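Asks: Protein chains in written order, with the working numbering: chain U, 1 to 258; chain B, 259 to 653.
Careful, some of the hints might be misleading.
[Said to hold, decoys possible] In the DSSO-like style, the derived pairs of lysine-lysine whose C-alpha atoms are separated by at most 27 angstroms in a straight line are:
| # | chain 1 | residue 1 | chain 2 | residue 2 |
| --- | --- | --- | --- | --- |
| 1 | B | Lys458 | B | Lys542 |
| 2 | U | Lys237 | B | Lys542 |
| 3 | U | Lys195 | B | Lys458 |
| 4 | B | Lys535 | U | Lys197 |
| 5 | U | Lys2 | U | Lys195 |
| 6 | U | Lys189 | B | Lys542 |
| 7 | U | Lys49 | U | Lys197 |
| 8 | U | Lys49 | U | Lys247 |
| 9 | B | Lys458 | B | Lys471 |
| 10 | B | Lys322 | U | Lys49 |
| 11 | U | Lys237 | U | Lys247 |
| 12 | B | Lys470 | B | Lys322 |
| 13 | U | Lys49 | U | Lys17 |
| 14 | B | Lys535 | U | Lys17 |
| 15 | U | Lys189 | B | Lys322 |
| 16 | U | Lys2 | U | Lys197 |
| 17 | U | Lys156 | U | Lys49 |
| 18 | B | Lys470 | B | Lys458 |
| 19 | U | Lys2 | B | Lys322 |
| 20 | B | Lys535 | B | Lys471 |
| 21 | B | Lys458 | U | Lys189 |
[Claimed, not checked] Some chain B residues well away from chain U (every beta-carbon gap over 10 angstroms; in silico):
| # | residue |
| --- | --- |
| 22 | Thr290 |
| 23 | Glu302 |
| 24 | Ile538 |
[Claimed, not checked] What the simulated footprint calls covered on chain U by chain B, stretch by stretch (three residues with Cβ under 8 angstroms from a Cβ of chain B suffice, anywhere in the stretch; the number is not a length):
| # | region |
| --- | --- |
| 25 | 19-29 |
| 26 | 65-76 |
| 27 | 135-148 |
Calculated directly from the structure, the hints in this document are not laboratory data.
Every value quoted in this text rests on a predicted model; they were computed, and no experiment measured them.
The C-beta atom is built at its ideal place from N, Cα and C for all residues, glycine as well.
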Amino acid sequence: MKIAVCVKQVPDATAAKRIDPETKRLDRSGEAALNATDLNAVEEAIRLKEAQGGEVVLVSLGPERALESLRKALAMGADRAVLVADEAAAGSDLVATSRILAAALEREQADLVLFGQASSDGDGAVLWAAVADRLRRPLISQVAALTTDGSTVTGKRQTEHGYDTISAPLPAVVAVSDAINEPRYPSLKGIMGAKSKPQETLSLADLGVDAAEAGEAGSRTTVLALGPPPARGESLKIEDDGSAAQKILDYLVERRLL
Amino acid sequence: MATTTQAPALDPLDYLAIDSLLDDEERAIRDTVRQFVREYVLPEVADWFERGVFPREIFAELAKLGLLGMHLDGYGLPGASAVAYGLTCMELEAGDAGVRSAVSVQGSLAMFPIWKFGSEEQKERWLPPMHAGEIIGCFGLTEPDAGSDPASMRTHARRDGSDWILNGAKMWITNGTIADMAIVWARTDEGRIHGFIVEKDMPGFSAPEIHKKLSLRASVTSELVLQDVRVPEENRLPEVSTLRGPLSCLNEARFGIVFGAVGSGRACFEAALEYAKERIVFGKPIAAYQLTQQKLAEMALELNRGFLVALHLGRMKDAGTLRPEHVSLGKMGNVRGAIEVARTARTILGANGVTLEYPVIRHVNNLESVLTYEGTHEVHTLVVGQALTGQNAFR
Ligand SMILES: Cc1cc2nc3c(=O)[nH]c(=O)nc-3n(C[C@H](O)[C@H](O)[C@H](O)COP(=O)(O)OP(=O)(O)OC[C@H]3O[C@@H](n4cnc5c(N)ncnc54)[C@H](O)[C@@H]3O)c2cc1C
Ligand SMILES: Cc1cc2nc3c(=O)[nH]c(=O)nc-3n(C[C@H](O)[C@H](O)[C@H](O)COP(=O)(O)OP(=O)(O)OC[C@H]3O[C@@H](n4cnc5c(N)ncnc54)[C@H](O)[C@@H]3O)c2cc1C
């Protein structure tokens, strides 16, 4: 089975995030890492490959330096990486990002496309839906357990009330949650072997995507203004004289939070 | 053409930007081991230390990462560079010197002699399962009455037909009680020094644990007792018959300590820096007082200098130009430096500097063992002295 995993390089979790007021884009110059949930997707793909054979290919849209992060997933056991890196793709919104990724995925023709549920920077948790729609493939999201018999894929989907178990015919798109597995550490041999695994960098032209369809030009949304999040409102300190529980309750009810 | 670019911001945890001297692969290995230490070792190690235990299961985890015998090649071993091995030791010891010791002993003291002096059959039989963490080894050189002067060892090997009969006792042997096999060095009547692979269940062999240790508590230390232990000739390492055998193993392991000590020191420095910024005394953080700043500045100096020395020795080892005398200088300087850093960090933490709630006292105590094993500070001083003067001042 051929599995494509969409992975994104994001600012390291420990780094303070900063938005460049000029470009209105996230400053991506600092320490970077692979998006945490995407590691769950990579782990799941490698487990499927270990159990059933096949190939795991990483697909990513990002700057050249994203290759550093892709190598971590190669070190875990993915077979090769495809990075779409093109100046003209910078500033892509959901519409443009999904268009480019779908084009890269069309080229791969994988049986199963895995996504992480959400990125830690954009935090849209929507890209998989847009990509599945463009590919005209069924989609299961928020998957906490996954099985496949080679012709269908079945996902246990977390909901507020429990689990839905959903099956879809392959080829399909699945977004996994971080509950699905515990990503392995890359092994020393994996790290040492990662450099020599195939790593392709593609331009938009390679994918046949018109530059006008990508980046800011190809985006359907425009960032008009940016502002800091509102300062936290005045906090209320309740000393417990025996009535604290009631006071908290009143506070919540007053604000219609209960 | 010179352009004016703005220098990147200074990182207090990598003051001299030594990171930039590492390549991507070295950084990836370092980051992986660091993550393992953060997730697997740090949450538990204070408890291991307090209880005086080293869980054998860690070997399975270390094996999954591929770290056991990582710098050796062939027989399915990774063949990582000396620098990668050193960085691994640094990260493991930033967790605890006990964990680093376990890896040093397995890779450099138990696997290395087989890899270097063993027969083809021995290599094939032992190296793959030792890399996989299925077989744990230990290294028996030191004896109750022979430490710095291993030539005075008493453990004796007598030929008996196609076998050898071993008698004697080894002391302070890391991993001894949990090991499946021991590399035991023994003297023959002809005065040769042979290395033997002694297997755990060979009759007459036992490895009682040494208790009451107040340093390296998250590490098993043992005696090895050998009473008429019959060892077949095929368990003797064929390619060495002098002290060069055990001494070359120690040189491998001690190379790891040059890096490891910097790891211990760094863990203490990081704890102290964070603490100094938060602890308010006389109305302001202790980090704002000159005395504290001097301590922190001296610590940063020592650690950056130590890392640069270690890295330089690593590059020399990879280039094949490293001599044992170089390693002696590194061990001397870096362990002493780490001890100064750790003790200074301890003062910054005040009373919190003596509890296992913080990592500092653990490292302070561990470093006392690191100062002594793999050649004491004094012995390395004498090695360097001899290299400088040509005069042997050992005896
Ligand atoms: C300040 C700012 C404002 C923005 N405003 C808008 C806006 O108004 N409208 C808009 O549509 N977009 C906007 N974007 C862009 C948007 O956040 C993302 O580019 C795009 O929607 C991707 O979604 P996400 O990162 O939220 O991914 P998610 O949907 O959260 O990601 C889910 C999964 O998709 C995969 N994935 C995500 N990105 C990639 C990638 N590059 N390559 C490969 N796989 C990937 C990963 O598996 C990830 O786990 C803005 C971005 C910024 C920084
Ligand atoms: C926790 C721990 C784990 C260990 N693990 C192992 C192991 O796995 N395998 C193993 O074989 N050994 C191991 N050792 C033993 C260690 O290598 C020895 O303790 C070390 O070599 C010193 O020997 P000694 O203790 O007999 O001290 P001694 O040799 O008796 O030295 C006592 C003091 O005399 C000094 N001294 C010695 N010679 C001179 C001289 N010529 N001039 C001036 N001063 C001198 C020493 O520097 C020291 O300060 C371990 C030790 C410890 C503490």
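Asks: Would Thr290(B) pass as off the interface with chain U, using Cβ distances and a cut of 10 angstroms?
Replies: 5 angstroms, violated
Asks: Just to be careful, I want the Cα atoms of Lys237(U) and Lys247(U) compared with a cutoff of 27 angstroms; is the pair within it?
Replies: Satisfied, since the Cα-Cα distance of roughly 10 angstroms is no more than 27 angstroms.
Asks: Between Lys195(U) and Lys458(B), is the straight-line Cα distance small enough, at 27 angstroms or below?
Replies: Cα-Cα ~41 angstroms, so violated.
Asks: Hey, Lys322(B) versus Lys49(U), does the alpha-carbon distance stay inside 27 angstroms?
Replies: With a Cα-Cα distance of about 18 angstroms, the restraint between Lys322(B) and Lys49(U) holds, given a limit of 27 angstroms.
Asks: Take the C-alpha atoms of Lys2(U) and Lys195(U), compute the straight-line distance between them, and say whether it is at most 27 angstroms.
Replies: 21 angstroms, holds
Asks: Any Cβ of chain U at or closer than 10 angstroms to Glu302(B), or is the non-interface label fine?
Replies: 17 angstroms, holds
Asks: Do the alpha carbons of Lys2(U) and Lys322(B) lie within 27 angstroms of each other, as the hint requires?
Replies: Given pair Lys2(U), Lys322(B) holds - Cα atoms ~26 angstroms apart, limit 27 angstroms.
Asks: Can you confirm whether the C-alpha distance between Lys458(B) and Lys189(U) stays at or below 27 angstroms?
Replies: Answer violated: Lys458(B) to Lys189(U) is near 30 angstroms, above 27 angstroms.
Asks: Could you grab the alpha-carbon distance between Lys156(U) and Lys49(U) and see if it respects the 27 angstroms cut-off?
Replies: Holds, because 19 angstroms separates the two Cα atoms, which is no more than 27 angstroms.
Asks: Given the hinted pair Lys458(B) and Lys542(B), is their alpha-carbon gap at most 27 angstroms?
Replies: 58 angstroms, violated
Asks: Taking 8 angstroms as the Cβ threshold, is the statement that the region 65-76 of chain U is covered by chain B upheld or broken by the three-residue rule?
Replies: Satisfied; 4 residues make the cut.
Asks: Is Lys189(U) within 27 angstroms of Lys322(B), Cα to Cα?
Replies: Roughly 10 angstroms separates the two Cα atoms, so the pair holds.
The structure shown violates the earlier hints numbered 1, 3, 4, 6, 8, 12, 13, 20, 21, 22, 25 and 27.
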